[in-house]
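Visitor: Sequence:
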Amino acid sequence: MRRVQILTPSEAVRLIPDHATVATSGFVGCGHPEALTAAIEERFRAELRPRDLTLVYAAGQGDGESRGLNHLAFRGLVRRVIGGHWNLVPSLGKLALANEIEAYNFPQGVITHLFRDIAAGKPGTISHVGLNTFVDPRHGGGKLNARTQEDLVELVRLGGREWLWYKAFPIDVALLRGTAGDSFGNVSLDDEVFSGEALAIAQAAKNSGGMVIVQVERMVADFSRDPKAIRVPGIHVDALVLARREAHMQTFAEQFNPAYVRQGDIGQIDVPLTCDGSRLHIARRAFLEIRDGDIVNLGIGLPEAVAQVARAENRLANMVLTVEAGAIGGMPAGGLSFGASVYPMAIIDQPAMFDFYDGGGLDVAFLSMAECDAQGNVNVSRFGGRLAGAGGFMNISQGARRVVFLGTFTAGKSGEVRKFVRQVQQVTFSGALAAERKQQVMYITERAVFRLTPAGLELTEVAPGIDVAGDVLAKMDFAPVISARLEQMPAGVFK
95 MRRVQILTPS EAVRLIPDHA TVATSGFVGC GHPEALTAAI EERFRAELRP RDLTLVYAAG
155 QGDGESRGLN HLAFRGLVRR VIGGHWNLVP SLGKLALANE IEAYNFPQGV ITHLFRDIAA
215 GKPGTISHVG LNTFVDPRHG GGKLNARTQE DLVELVRLGG REWLWYKAFP IDVALLRGTA
275 GDSFGNVSLD DEVFSGEALA IAQAAKNSGG MVIVQVERMV ADFSRDPKAI RVPGIHVDAL
335 VLARREAHMQ TFAEQFNPAY VRQGDIGQID VPLTCDGSRL HIARRAFLEI RDGDIVNLGI
395 GLPEAVAQVA RAENRLANMV LTVEAGAIGG MPAGGLSFGA SVYPMAIIDQ PAMFDFYDGG
455 GLDVAFLSMA ECDAQGNVNV SRFGGRLAGA GGFMNISQGA RRVVFLGTFT AGKSGEVRKF
515 VRQVQQVTFS GALAAERKQQ VMYITERAVF RLTPAGLELT EVAPGIDVAG DVLAKMDFAP
575 VISARLEQMP AGVFK
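Just so you know, the sequence shown maps onto residues 95 to 589 in my numbering.
Mixed in with the good hints, there may be bad ones.
As the list claims (entries may be wrong) - With a straight-line Cα cutoff of 35 Å, these simulated DSBU-like cross-link-like pairs (lysine-lysine) come out: (1) Lys589 - Lys322; (2) Lys188 - Lys216; (3) Lys261 - Lys507; (4) Lys589 - Lys532; (5) Lys507 - Lys589; (6) Lys216 - Lys261; (7) Lys569 - Lys507; (8) Lys569 - Lys532; (9) Lys322 - Lys237; (10) Lys188 - Lys569; (11) Lys300 - Lys322; (12) Lys261 - Lys188; (13) Lys216 - Lys322; (14) Lys322 - Lys188; (15) Lys589 - Lys237; (16) Lys237 - Lys188; (17) Lys261 - Lys237; (18) Lys569 - Lys237; (19) Lys261 - Lys300; (20) Lys216 - Lys589; (21) Lys237 - Lys216; (22) Lys507 - Lys188; (23) Lys589 - Lys569; (24) Lys300 - Lys237; (25) Lys322 - Lys261.
Said to hold, decoys possible - Ranges of calculated distance between the beta carbons of each label pair, as one might list FRET restraints: (26) Pro321 - Asp571: 55 to 61 Å; (27) Gly387 - Gly478: 36 to 42 Å; (28) Asp571 - Ile220: 32 to 38 Å; (29) Phe350 - Pro327: 32 to 38 Å; (30) Val250 - Phe317: 46 to 52 Å; (31) Leu336 - His233: 42 to 48 Å; (32) Ile220 - Pro264: 54 to 60 Å; (33) Pro558 - Arg251: 49 to 55 Å.
Simulated from the structure, these hints should not be mistaken for laboratory data.
It should be emphasised that the depicted structure is a prediction, and the values quoted were computed from it without experimental measurement.
For each residue, glycine too, the CB sits at the ideal point set by N, CA and C.
All chains should be modelled from the sequences, with the hints used to inform the complete structure.
Guide: Structure (structure tokens):
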């Protein structure tokens, strides 16, 4: 068997040619090759090379400031970005909003599947995810600015149904991360919190005639590991890069947490309530929608508090919490460790997790909402001057049997920003499609609860002491249907 090159980060990034299409692995800071992306920035600052790259990534990879793919946010370095989530890479977002790069936002799960389909030599990914949203070519095709012209998504009909065709393209360079490698390039992920889409990206690059560079933290002896532990085999790897400890943190918040890579009794986890006031009331009301045995996804932000309430109620073990990164069971981590789970029962590849989600495997999903309109459409991807991106939201919200959107009724310091608007700025979730599919959809705030009906949004509950006319309807840009059986939100939620 051939031996792979062992390179420094600066040596490795010199292999990246101008105009290359580069795919990176990672989920926030989990599994992201920080040493390699930092080395690209260092080289570009010194030499203005490489230039005009096309960057492709699925999950958001960054800390909202300078790490992760923020290292690549320079005019001239990137020409085009195809990303699943933009919120954690605001530097790239600024280039997109300023019309200085071509920019696309596709569903995170679709991009993970696209890597796999590129590897298989398919024409692309056929999916229902994204229909009737801003990703649908009838509503923009995922293009984020005027500079972005090429159509990468096409509406097709198969078997009498509408589908979206996300078109394949070659991957020239894969930048990945693992824990340990041997001289043959076999990579295991012993201390990584997930396997992500590393194998799919590696195979996509190799079958496109490209190269695969993997950042690892240590080398191990040849023939010393269980073959089943090898997640990226050496036949796919061209070079290994040994990273310094500070450039190979398990997450962007923690150097190493052993609870992320072993099983354990989640009933023993101490999870303090980190929210109060309106956010706690919302989480408590949402918790009431979980049934024993439910398979659940919790989005980032306010939905994380639902798990805290479940632990406070000693019900955490009565459900199975999942994270789109691949963890099944356990307690999802938050903040810059999002993507990891404490004491997971299993960790599967991210494309496989989205297979499960897209096919309807989730019983219920709890997701944030930034805006909602009369048709039940939800926007979380673009509002005001902020480009957040869809991430896994489209896959999760379209695939779950029941969806619960969470958010405060208004925003701003004094509630001056209305969130229930006449028309959302961007459709990330289609109320019309959900109603057509008879999906169960709820919208929970601290003062009112709504449900989606064929006629649009229906007000079903109000908090104790709330005046429907003055505290709810007067602060909405549209008049919802008011249920004939309008109820009071459970008083226990507010205690």
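Visitor: Are the hints correct? Go through all of them and say.
Guide: Hint by hint, here is what the structure shows:
Simply put, Lys589 and Lys322 have alpha-carbon atoms about 50 Å apart, too far for the 35 Å limit, and the pair is violated. Restraint check for Lys188 and Lys216: the C-alpha separation of about 33 Å stays at or below 35 Å, so the hint holds. Between Lys261 and Lys507 the CA atoms are separated by roughly 43 Å; this puts the pair beyond 35 Å, and the hint is violated. Among the hinted pairs, Lys589 with Lys532 is consistent with the structure: their alpha-carbon atoms are about 34 Å apart, no more than 35 Å.
Taking the CA atoms of Lys507 and Lys589, the gap is near 23 Å; set against the 35 Å cutoff, the hint holds. Between the alpha carbons of Lys216 and Lys261 the distance comes to roughly 9 Å, so the proposed pair stays at or under 35 Å and holds. For the suggested pair Lys569 and Lys507, the alpha carbons sit about 15 Å apart, so the restraint of at most 35 Å is met. Taken as a hint, the Lys569 and Lys532 pair is honoured in the structure, with Cα atoms around 28 Å apart against an allowance of 35 Å.
Restraint check for Lys322 and Lys237: the C-alpha separation of about 40 Å exceeds 35 Å, so the hint is violated. A distance of roughly 32 Å separates the Cα atoms of Lys188 and Lys569; the hinted pair therefore holds under the 35 Å criterion. Restraint check for Lys300 and Lys322: the C-alpha separation of about 21 Å stays at or below 35 Å, so the hint holds. Under the criterion of a C-alpha separation no larger than 35 Å, the hint pairing Lys261 with Lys188 is consistent with the structure, at around 26 Å.
Simply put, Lys216 and Lys322 have alpha-carbon atoms about 27 Å apart, close enough for the 35 Å limit, and the pair holds. Among the hinted pairs, Lys322 with Lys188 is inconsistent with the structure: their alpha-carbon atoms are about 42 Å apart, more than 35 Å. For the given pair, Lys589 sits about 46 Å from Lys237 by alpha-carbon distance, which is inconsistent with the 35 Å threshold. Between Lys237 and Lys188 the alpha-carbon distance is near 15 Å, which keeps this suggested pair within the 35 Å criterion.
Proposed proximity of Lys261 and Lys237 is supported: the alpha carbons are some 14 Å apart, at most 35 Å. Between the alpha carbons of Lys569 and Lys237 the distance comes to roughly 32 Å, so the proposed pair stays at or under 35 Å and holds. With a CA separation close to 18 Å, the supplied pair Lys261 and Lys300 stays within the 35 Å bound. About 55 Å separates the Cα atoms of Lys216 and Lys589, which puts this hinted pair outside 35 Å; it is violated.
Straight-line distance between C-alpha atoms of Lys237 and Lys216 comes to about 23 Å, which keeps the hinted pair within the 35 Å bound. In summary, the hint linking Lys507 to Lys188 is supported, as the alpha carbons are separated by about 25 Å, within the 35 Å threshold. Note on Lys589 and Lys569: the hinted pairing holds, with a Cα-Cα distance of about 25 Å set against a maximum of 35 Å. This hinted pair checks out: Lys300 and Lys237 have alpha carbons roughly 28 Å apart, not beyond 35 Å.
With a C-alpha separation of about 32 Å, the suggested pairing of Lys322 with Lys261 holds against the 35 Å cut-off. A hinted range of 55 to 61 Å for the beta carbons of Pro321 and Asp571 is consistent with their spacing of about 59 Å. Our hint of 36 to 42 Å for Gly387 and Gly478 holds, since their Cβ atoms are close to 40 Å apart. The hinted window of 32 to 38 Å between Asp571 and Ile220 holds, with their beta carbons roughly 37 Å apart.
At roughly 25 Å, the beta-carbon separation of Phe350 and Pro327 lies outside the given 32 to 38 Å, and the hint is violated. Remark: the range hint 46 to 52 Å for Val250 to Phe317 is upheld by a beta-carbon distance near 48 Å. A C-beta distance of roughly 46 Å is found between Leu336 and His233, which places it inside the suggested range of 42 to 48 Å. Checked against the given bound of 54 to 60 Å, the beta carbons of Ile220 and Pro264, roughly 19 Å apart, lie outside it.
Evaluation of the 49 to 55 Å hint for Pro558 and Arg251 yields a pass: the beta carbon distance comes to about 50 Å.
Going through the hint list in order, the structure does not satisfy hints 1, 3, 9, 14, 15, 20, 29 and 32.
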